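Engineer: Whole structure, please, built from the sequences with the hints as guidance.
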Amino acid sequence: MAEAFIAHMYAMAGTFAASTAIWFSIRAARGGGRREEEEGISRDVKEEEKIGD
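Okay, so the sequence shown: first residue is 1 according to UniProt numbering, each after it adds one.
In short, the hints are calculated from the structure, not lab data. Any given hint might turn out to be false.
Unchecked claim - Restraint-style ranges between C-beta atoms, simulated for each label pair:
#, residue 1, residue 2, range
1, Ala2, Trp23, 30 to 36 angstroms
2, Glu3, Gly31, 43 to 49 angstroms
3, Ala21, Met1, 27 to 33 angstroms
4, Ser25, Ala4, 30 to 36 angstroms
5, Gly32, Ala4, 38 to 44 angstroms
6, Gly31, Met1, 44 to 50 angstroms
7, Gly31, Ala4, 38 to 44 angstroms
If you're wondering where the values come from, they're calculated on a predicted model, not measured in any experiment. For glycine and all other residues, C-beta sits at the position ideal for the given N, C-alpha and C.
Structural biologist: In structure tokens, the structure reads:
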């Protein structure tokens, strides 16, 4: 019984690791996604503040 539980937990951990790796690879292929957009927005706001001063 314990062996089946341990095997199941290893399988779940492997599935989680694989899905996480796939998620990161998709995110990298898209170019970073929202993080770059947020940085771009913050850069635009800072530039507007400089122009306003």
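Engineer: Does each hint fit the structure? Answer for all of them.
Structural biologist: Right, here's what the structure says about each hint:
The supplied range of 30 to 36 angstroms is met by Ala2 and Trp23, whose beta-carbon atoms lie about 31 angstroms from each other. Checked against the hint of 43 to 49 angstroms, the pair Glu3 and Gly31 passes, with Cβ atoms roughly 44 angstroms apart. The supplied range of 27 to 33 angstroms is met by Ala21 and Met1, whose beta-carbon atoms lie about 31 angstroms from each other. Under the hint 30 to 36 angstroms, the C-beta atoms of Ser25 and Ala4, about 32 angstroms apart, fit the expected range.
As the Cβ distance of Gly32 to Ala4 is approximately 41 angstroms, the hint placing it in 38 to 44 angstroms holds. For Gly31 and Met1, the hinted distance range of 44 to 50 angstroms is satisfied, since their beta carbons lie about 48 angstroms from each other. For the pair Gly31 and Ala4, the beta carbons lie near 43 angstroms from each other, so the given range of 38 to 44 angstroms is met.
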